[in-house]
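A.B. asks: One-letter residues, chain by chain:
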Amino acid sequence: MRVVCISCDSRESGHWCSQCGAILPTPENEDYFSILGLPQKINLDEETLKDRFFDLNRAFHPDRAAKLTDERAREIAIHKSVLINNSYNTLRDRTRRIQYLIRQELGEREEKSGHIPVELFDLVEEINELMGEVRQAKQVKRMAGMNPAQGDGDRLADLNAQLQRQLDGLTSHREAFEQGLRSKESEWDALCDSTHNFETLDVLTRAKRRQIATALAVKMDDISYIDSLIRRIKDTLYE
Amino acid sequence: MTDKIIGIDLGTTNSVVAVMEGGKVTVIPDSEGQKLCPSIVAMDGRDEPLVGVPARNQLVLNPQNTIYSIKRFMGRRHSEVLEEEKTLSYEIIGKADEMVRVRAYGGLYTPPEISAMILRSLKNRATRYLGSEVQRAIVTVPAYFNDSQRQATKDAGGLAGLEVVRIINEPTAAALAYDLDKKSISKIAVFDLGGGTFDISILELSQGIFHVLATNGDTHLGGDDIDKRLVEWVYSEFESENGFALRRVPEIYERVRQEAEQMKCGLSFSESINFNLPLLDARDGSVFNFSRTLTRSQLEALSRDIIERTVNPCRRAMDDANLGPGEIDEVILVGGATRMPGVRRLVQDVFQKEPNTSVNPDEVVAIGAAIQGAVLSGDVSDILLLDVNPLSLGIETYGGAMSKLIFRNSPIPATAKEVFTTAVDNQTAIDVHVLQGEREMAADNRTLARFALSGIKPQPAGIPRIEVAFVIDVNGILSVTAKDLLTGKEEHIEVKPTYGLRDEDVLRQVDESVEHAFEDMDRRMWVDHKQEAERVIAATEKALTQHGGKLQPALHQKIVDLLERTQKALEAGDWHELKAALDALNEATLPLAEVLVAETMKAEGRMEPTGSNPSPS
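These protein sequence lines map, in sequence, to chains X and P. Take the first sequence: its position 175, counted from the start at 1, is 175 in my numbering, and no numbers get skipped. Take the second sequence: its position 592, counted from the start at 1, is 592 in my numbering, and no numbers get skipped.
So that you can see chain X by itself, here it is in the shape it has in the complex (with noise of 0.2 Å):
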């Protein structure tokens, strides 16, 4: 994003004018990869994205801004500190980066990690009913004064069994889901490289970027879906 610089009045973008020299400001709604001078991709190389954090911060900590001496200048380093911890601390991670992109590019939209994903419609009915049976069945261990966690090769062993073996399928699913992702990973990576200019965007390339982050957005839910029945279940299992 361009922005008028402080000193010279040219249109610049990035952190200095490259005219004068003079810091620049940064536009609050500016993209954290641009903050941070790295490419919108997300198998970023965690080692260049912590160097540029550092440099940037050299630059723009407040301990080294308090030594501007000009107040207008002192104020745009701090704002741009602030602006590069925030980017450094949503990027640095994995999970938060990709919801980051798929926020910067279908808006706030609400987490639909309630809905079932379609690969598990049938399979989900039939779990929930099996861990109402194993919880059934230790409450009725219980009343009886049992330890449900001893007997073997009655009821309850036999419903934990069933129930360990659906989450042995469910971990192969969601090792599906993930590399449903990773593919989804690749072609908006590929797209990044294969765009030429990030501030003009062409319609084809647009429409391919919200439809590529909708698949990820869906993948995302399907996996946080998976993840959360995955928890279910064990707290089931090991209650």
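Just so you know, the hints here were simulated from the structure itself, not pulled from any lab data. Among the clues, some could well be false.
To be verified - Calculated lysine-lysine pairs in the DSSO-like style (CA-CA distance at most 30 Å, straight line):
1. P/489 with P/404
2. P/404 with X/50
3. P/530 with P/558
4. P/579 with P/568
5. X/50 with P/187
6. X/67 with P/24
We have chain X; now place chain P onto it with these hints.
C.D. replies: Just chain P now, kept in the frame of chain X:
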């Protein structure tokens, strides 16, 4: 006036001031050559309070008006410090949800006011040393200090006439003080067990940048807790030897506490140590010694559970930093309590590495603060600290959950925004409840502030858009703004702790607030007194069976009656009555105790008259 920025470690037990000159840091001594200033303030009716060594020297004689460990109360509400309050020899007041105040020598003081007295004394020390007035300082706080505690520390500086140019975290400061190889990249763990707080920070050092990866800790854990445990040991040893309890009055308790602290410190260097407590026999004014020997392994057994409370924060910090123990290159020890061999062993177990102890653990934080002072004044330019906020910040959402806006271990300064909406139709105001902590539910986290944004245009639920913005500055201090995006109406809040009321209100409400504080603490008081009563009843019954015959019949009967009264109060469940009964019983059994002392000493032939320095008993 000097442009130097001094570094101050405002500690629970000791405070230290240092300054950097010509590339070298000096820890500034007082006029007697002492580098550590005990964090103790005493009021004795004179205009100026006593601070440091002079205050400590009169602690046993004036315990009610001598304030120590004030750091434990900085930015704290009364309900947060019930455990600390139990063994205090001075009085703190305030309603459960109010910031505590200290009552001493007829006056009321906020913890920042007491801390300011210490800071002022250190400021004067530095001014004398530098030969010109010091105005600016870096003050350190435990990394795990919350927003209110930081704010209170900053306020204390202001009251002492110091501009606190930066609050920095103690473990981060300590890392600066170690002259580590700044060129290479390394991971450092700083284990900081002070008098009253525990911090663990994990940093990455790269080309002069000290980048904090994660921090964790416990602000209710420190060397003081080990002292208290030793005091309890002395009390129980005394009782089992003499058959009656040593009195829990400040004059005696403080002496035992000081002895306990010395034993603890001594046992870091020797395997066993003798404990001597000269006591006055109330019957004939003679002095006798209660003495014991404590070994290092006994001390370690007594304090094991306290020390082990440091393990989980260490593990969580490593988890947050995404590092295993094998990946830590250097472990630094900070705080006097890390001199204990048991603590060092534990650190070595947790991090699988021998800790580095090359800088004095009492001075290392002040030295680091002085270095940061030089960074800010421009004298040092090859160092940069990148610190994080220790605890997540957020607000309460509909349903009582906490929505986190800034996560723990985020680099600071930082900002975050979130848009919220109304829950019911035509709602015209929303409550903004600002929280700090890691738990899911709002009620389990700490309330930093509550404020209302009113004047929202009446609309169906879900239509209004209220933006809540958090700004956390480079000191780790938060401010919050709520804005109605439709009307532009804005509410800004400094999330400042309120230290209670204006003075005139205070005087009127002091007694009332004491009452309320006790109401809130009813349950706790009951538990404490119940335990005490059961102990006293058992001890008195035992003594009565053994030596009851030596008492006058009237007194004997009185004790039996009071025993019955205490027993009844215990059954009735009212702690006020229980306390009254206990007090009366303790009073009545005093002659019995004297008989017991005399008998015990006669039996062991230990009574030795000493003419010098009779101590109160």
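A.B. asks: State for each hint whether it applies.
C.D. replies: We went through each hint and held it up to the structure:
no.: 1; hint: P/489 with P/404; result: holds (23 Å)
no.: 2; hint: P/404 with X/50; result: holds (24 Å)
no.: 3; hint: P/530 with P/558; result: holds (21 Å)
no.: 4; hint: P/579 with P/568; result: holds (12 Å)
no.: 5; hint: X/50 with P/187; result: holds (15 Å)
no.: 6; hint: X/67 with P/24; result: holds (22 Å)
When each numbered hint is compared with the structure, no violation occurs for any of them.
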